[in-house]
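Chains as they are written, first to last, in this note's numbering: chain A, 1 to 211; chain B, 1 to 211.
Keep in mind that the hints were calculated from the coordinates and are not lab data. Be a bit skeptical, because a hint or two may be false.
Same chains, same label: a pair holds when it works inside one copy or across any pair of copies.
[As the list claims (entries may be wrong)] Here are the simulated EDC-like pairs of lysine to aspartate or glutamate, each with C-alpha atoms no more than 20 Å apart in a straight line:
| id | residue 1 | residue 2 |
| --- | --- | --- |
| 1 | Lys20 | Glu156 |
| 2 | Lys20 | Asp115 |
| 3 | Lys20 | Glu141 |
| 4 | Lys53 | Glu7 |
| 5 | Lys20 | Glu32 |
| 6 | Lys53 | Glu25 |
Number of protein chains: 2
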Amino acid sequence: VLVRISELARRTQVPVGTIKYYLREGLLPSGELTSATQAQYRQRHVERLELIKVLLGAGLSVSQVRAVLATIDNPPASVHQLLGTAHAALGGPPSAGPAATEQARQLVRRWGWADTEDAPALDQLAAALEAIETAGLTPSEPAMDRYAELMFQVAELDVGSVPVGSPAEAVRYVVAGTVLYEPLLLALRRLAHQQASSRRFGAEATLPIAR
Amino acid sequence: VLVRISELARRTQVPVGTIKYYLREGLLPSGELTSATQAQYRQRHVERLELIKVLLGAGLSVSQVRAVLATIDNPPASVHQLLGTAHAALGGPPSAGPAATEQARQLVRRWGWADTEDAPALDQLAAALEAIETAGLTPSEPAMDRYAELMFQVAELDVGSVPVGSPAEAVRYVVAGTVLYEPLLLALRRLAHQQASSRRFGAEATLPIAR
Chain A
1 VLVRISELAR
11 RTQVPVGTIK
21 YYLREGLLPS
31 GELTSATQAQ
41 YRQRHVERLE
51 LIKVLLGAGL
61 SVSQVRAVLA
71 TIDNPPASVH
81 QLLGTAHAAL
91 GGPPSAGPAA
101 TEQARQLVRR
111 WGWADTEDAP
121 ALDQLAAALE
131 AIETAGLTPS
141 EPAMDRYAEL
151 MFQVAELDVG
161 SVPVGSPAEA
171 VRYVVAGTVL
181 YEPLLLALRR
191 LAHQQASSRR
201 FGAEATLPIA
211 R
Chain B
1 VLVRISELAR
11 RTQVPVGTIK
21 YYLREGLLPS
31 GELTSATQAQ
41 YRQRHVERLE
51 LIKVLLGAGL
61 SVSQVRAVLA
71 TIDNPPASVH
81 QLLGTAHAAL
91 GGPPSAGPAA
101 TEQARQLVRR
111 WGWADTEDAP
121 ALDQLAAALE
131 AIETAGLTPS
141 EPAMDRYAEL
151 MFQVAELDVG
161 SVPVGSPAEA
171 VRYVVAGTVL
181 YEPLLLALRR
191 LAHQQASSRR
201 FGAEATLPIA
211 R
């Protein structure tokens, strides 16, 4: 079914001006020209627009969305590479110094995560470690190991639900799932903080603060 | 020890222009005027500047940093309230519809997290659920319960290491720790994705993608 831009806007609830912006930015592929000034759009444009909405809504920048869509359009050959490419598209520029990078490398080695030595997320780990160190909040070695173990269990749950039967779905799941589950997990952690602090200190526990 | 702004800049590696910007934005308290045009600064200014650097480096906006610092300067009476206030300062504006909000409320009830019914993070959970639903990536009920359980274990580890003996330290730890551990946990999850996908699919597993 071919539709005009106005109908595309109606179906997706995205204003025409915004659709034109996405076209200019290369997020949405061009429609098929039916005259010099008129283009028509297909179901795949509707689906792409829905995905753009979701990714932007999840807090990605336009250039991150562009990179994620490029991964979807040109998927790498293996699941493993797909994760790497998606993470590279999502990650910011690595900013960690050599000491933190070496520390991150030693940690994944200690955990036996042999397949992560060249992962883009290793830079993210290094940058996170550096910030934590600067703030003087470095966790103990057992605590760090436990964090890794718990996040590994989260990751196993994530990976376990990737639908490997359906190709396009697998890509969408991995890329969108990586981004969209992050706010979910962080919200769960913050809520659990409330609950865990009540259990540990009691809901009315006072802070030993000189006011 | 009182020092001039130039010495403050040297000690903290923050340019004088940036320090003046923080002063104007109310992130850094004013120094003590020693003449009409000269102010002097103390050790607490050095510490505050270090904290501002860390928080901005962790990706917070200037207004979020301002809110976090206000929490530190006027800490609430209980640990529980402190978490709520910190989360409210860190969280974006709630944007979830009533259906997602109700869903979030039902989830925390199912988990027996009685102390989170009014938590600011409940809005964040609702917004995250809404985005995941829009993308058609809603986890199964058992998977959701398992995510909650794992993040509860993460939160117990976090809360267990809050230094309750030292007042100022407890506040700094909770607020900065909430923000700074988020990138750490997300980096660990992404790395664990790589490792878990290798285990599940084999490092060379191909995607069933029609290219």
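Evaluation of the provided hints:
1. Lys20 to Glu156: Cα proximity of Lys20 and Glu156: none, with 40 Å in one copy and 48 Å across.
2. Lys20 to Asp115: neither (42 Å within a copy, 47 Å between copies)
3. Lys20 to Glu141: For Lys20 and Glu141, neither the intra-copy (52 Å) nor the inter-copy (39 Å) Cα distance is at most 20 Å.
4. Lys53 to Glu7: Classified as within: same-chain Cα gap 17 Å, cross-chain 48 Å, threshold 20 Å.
5. Lys20 to Glu32: Intra 14 Å, inter 55 Å, cutoff 20 Å: intra-copy only.
6. Lys53 to Glu25: within (14 Å within a copy, 33 Å between copies)
Checked against the numbered hints above, the structure violates hints 1, 2, 3; every other hint is satisfied.
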